[in-house]
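Asks: Given next are the chains, with one letter for each unit.
There are 2 protein chains.
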Amino acid sequence: MRALAVLAHPEKKSFNSQMKDVAVETLSKAGYTVDVSDLYAMGFDPVEGPRHYPKRVDGSWFDTQAEQRAAWNDKALPSAVQAEIDKVAAADFVFIQYPMWWFGSPAILKGWIDRVFVYGLYTSTQRYNHGPWKGKKAMLSITTGAPETTHGPDGRNADADLLLWPMHYTLYYIGFDVLPPFVACGVEGGLKYSSPEAIAARLNGHKDRLATTLRGLDGIRPLRFNAIEEFDQSGRLKSDSTSHSPFIRHRD
Amino acid sequence: MRALAVLAHPEKKSFNSQMKDVAVETLSKAGYTVDVSDLYAMGFDPVEGPRHYPKRVDGSWFDTQAEQRAAWNDKALPSAVQAEIDKVAAADFVFIQYPMWWFGSPAILKGWIDRVFVYGLYTSTQRYNHGPWKGKKAMLSITTGAPETTHGPDGRNADADLLLWPMHYTLYYIGFDVLPPFVACGVEGGLKYSSPEAIAARLNGHKDRLATTLRGLDGIRPLRFNAIEEFDQSGRLKSDSTSHSPFIRHRD
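Taken in order, these protein sequences are the chains called X and S. When we follow the numbering used here, the leftmost residue of the first sequence carries the number 1, and every step to the right adds one. When we follow the numbering used here, the leftmost residue of the second sequence carries the number 1001, and every step to the right adds one.
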C-alpha cells in the first residue's frame, strides 16, 4: 500500500508539519510506503498560467483547460506537475495537511490543485463517481486557531464542514473517496493565548487522535456524495434521487 | 469616489479581463477614479512565507500572524503588499473579478488575500462589524464554465452562494459591506460547446447585466451577516439572536 502526504505550511517545525510527521509515521507502521509533497520545501509554484506551457495550442490566447488537455495528451506537462500526478497515481491514500487561512487553504495548496488536477486527466465523462482517481482515498487534516465551538453550524467562524465543502467536492469531482476531515482547533502559533501547558496538552491530544484515526483508516466510511447519474440533463438533482449531502439538496 | 478592480486571470484578452474593463468603464463614467490590480500582469506572488520577511520577530520559527503583525506595526511590510493595502484603503468600492477554478478562486487571488489582509491591520477587537475596512463595499464577480442550472441549491456543481461563502465571510471579517455577487455562468474558454453566436450572445448579455448592476451600485443592499455582539463568549450564536445567513444558524 502506498500513501502521499501533502503539506502546505511555511514553517518546518510547525504543528502542521508535526501532524504530517505523525501521519507518515503511523502510516509507515501500518505498512504503507509514504511519499511526501512538502509544497513550501519544494518551492511549488501555485500560479497556473502561460509560463508553464512553452508549447501552446493557441499562442494568442491562453485558455487553461485547452492548454492543460493538450499538454496532458502530449505528455508534455511541466515536470513539477507530472511528478505530483505520478505520486497521486501511485497512492492508495492521499493525506492533505494545512492550516485554515481565511476560511480556505493557503494559496500554495490551492495552486497545487489548480495545476495538478489537469483537464485531460479528468474529462466531462470522467469525473465524480467516474473520476480518474476513483478507488483512492483522500483526507483533509486542517488546523484552525479558533476554538472548536466557533466552528459549529452556529459558530462565529462557520461550520468546518461547510468551509471544507469546496475542497471536498473538488476531491470527489476527480474521483476520490473523501474521508471525513480531521479538524484540530485551538492551534495557536506565535500568538499564545493559553498557557504553555494548556497548549502542549491540546496539541498532543490532537496528535494522539490523528494517530488513532489513521490506525483505523481501513474502517472509515467515506463521505457520501450523489452520483452523476442522480442529476438530470440540466445538472439538477432528479426528483426521485435522495440527496446525500446537506450542501446539495432538493429545493424547498 | 474611488474604486479598486482586482483581476485574477492569466489571459489579458479573456472574458474575465473584459468584465474588468466593463467595470472600470462603468465606474469611471459614474465618477469613480478606478485603480486596477491585475494580479497576473503584476506578477503578484501569492505564497505567504519567510522570504517576505527579511527582518523577523523570531528567526527560528516562522509564525505568519506574528510576522505580519510585527511588519504591520513597523511599517515594514513588503512593498507589493503595502501597495495593495494602500489601494484598498483609498477605495470606497472593491470589485474582484475571477474565474471559478475548482470551486474557489485561482491561487493567485487566494494568496492576495493571505498576504494583503494582514494581521495587525485587523485584530481580535477589529474584525467583523468592527473590521478595519468598515464602510467600504466589495463585490465578487465570477465566471463559471458550467450552466446556471448546475449552480443552484440542487445543482451538480453546488450553490454559487455556498461556494462563495468562504470568500464572502473573509470580506465581512475584515469589515467590508459585501454586496451580492455577480455570477456569469456558461462562460466557455477555448473549449467551445456552443455555437460562436450563442457564446457571443451569452457573453454580451453578461457584460450588459454587469454594467447595469454597477450603474445601480449605490442602491444595492449588502448581504447581511451577524454582528460579533450576537455571538456568545464561546463564539456561538446567542439564543436570542436572529441568524442573518443560511450558513450560520441555530442548531436544530
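Take the hints with a grain of salt, since some may be wrong.
Subject to a maximum C-alpha distance of 27 Å in a straight line, what follows is the list of computed DSS-like cross-link-like pairs (lysine-lysine) [what the hints assert, rightly or not]:
hint	chain 1	residue 1	chain 2	residue 2
1	X	192	X	29
2	X	75	S	1087
3	S	1029	S	1137
4	X	12	S	1134
5	S	1055	X	192
6	X	55	S	1192
7	X	55	S	1029
8	X	192	S	1087
9	S	1075	S	1012
10	S	1134	S	1238
11	S	1137	S	1012
12	S	1207	S	1087
13	X	75	X	13
14	X	13	S	1134
15	S	1029	S	1075
16	X	87	X	137
17	S	1075	S	1013
18	X	192	X	12
19	S	1134	S	1192
20	S	1137	S	1192
21	X	55	S	1238
22	S	1012	S	1087
23	X	29	X	134
24	S	1055	S	1087
Hints are computed from structural coordinates only; laboratory data are not their basis.
Asks: Each hint should be assessed against the structure and marked as holding or not.
Replies: Hint-by-hint comparison with the structure:
Annotation: proposed proximity of residue 192 of chain X to residue 29 of chain X is violated, straight-line Cα distance about 33 Å (limit 27 Å). Among the hinted pairs, residue 75 of chain X with residue 1087 of chain S is inconsistent with the structure: their alpha-carbon atoms are about 42 Å apart, more than 27 Å. This hinted pair checks out: residue 1029 of chain S and residue 1137 of chain S have alpha carbons roughly 18 Å apart, not beyond 27 Å. For the proposed pair residue 12 of chain X and residue 1134 of chain S, the alpha carbon gap of about 36 Å is over 27 Å, so the pair is violated.
With a CA separation close to 21 Å, the supplied pair residue 1055 of chain S and residue 192 of chain X stays within the 27 Å bound. Using a Cα cut-off of 27 Å, the hinted pair residue 55 of chain X and residue 1192 of chain S holds, with the two alpha carbons roughly 21 Å apart. Under the criterion of a C-alpha separation no larger than 27 Å, the hint pairing residue 55 of chain X with residue 1029 of chain S is inconsistent with the structure, at around 41 Å. With a C-alpha separation of about 32 Å, the suggested pair residue 192 of chain X and residue 1087 of chain S falls outside the 27 Å cut-off, and the hint is violated.
Between residue 1075 of chain S and residue 1012 of chain S, the direct Cα distance comes to roughly 33 Å. Violation of the 27 Å bound is thereby established for this hinted pair. For the proposed pair residue 1134 of chain S and residue 1238 of chain S, the alpha carbon gap of about 23 Å is at most 27 Å, so the pair holds. Taking the CA atoms of residue 1137 of chain S and residue 1012 of chain S, the gap is about 26 Å. The hint holds against a cut of 27 Å. A C-alpha spacing of about 25 Å is found between residue 1207 of chain S and residue 1087 of chain S, which places the hinted pair at or below 27 Å, so the restraint holds.
A C-alpha spacing of about 37 Å is found between residue 75 of chain X and residue 13 of chain X, which places the hinted pair above 27 Å, so the restraint is violated. At roughly 36 Å between alpha-carbon atoms, residue 13 of chain X and residue 1134 of chain S are farther apart than 27 Å, so this suggested pair is violated. The hinted pair formed by residue 1029 of chain S and residue 1075 of chain S fails the criterion: a straight-line CA distance of about 35 Å is larger than 27 Å. About 14 Å separates the Cα atoms of residue 87 of chain X and residue 137 of chain X, which keeps this hinted pair within 27 Å; it holds.
A threshold of 27 Å between alpha carbons decides the hint, and for residue 1075 of chain S with residue 1013 of chain S the separation of about 37 Å lies outside it, so the pair is violated. Between residue 192 of chain X and residue 12 of chain X, the direct Cα distance comes to roughly 19 Å. Compliance with the 27 Å bound is thereby established for this hinted pair. Between the alpha carbons of residue 1134 of chain S and residue 1192 of chain S the distance comes to roughly 42 Å, so the proposed pair goes past 27 Å and is violated. The suggested pairing of residue 1137 of chain S with residue 1192 of chain S is violated, with an alpha-carbon distance near 35 Å, which exceeds 27 Å.
With a CA separation close to 58 Å, the supplied pair residue 55 of chain X and residue 1238 of chain S exceeds the 27 Å bound. Restraint check for residue 1012 of chain S and residue 1087 of chain S: satisfied, since their Cα atoms lie roughly 21 Å apart, inside the 27 Å limit. The hinted pair formed by residue 29 of chain X and residue 134 of chain X meets the criterion: a straight-line CA distance of about 25 Å does not exceed 27 Å. As the CA atoms of residue 1055 of chain S and residue 1087 of chain S are separated by approximately 24 Å, the hinted pair is consistent with the 27 Å bound.
Comparing the model with each numbered hint stated earlier shows that hints 1, 2, 4, 7, 8, 9, 13, 14, 15, 17, 19, 20 and 21 do not hold.
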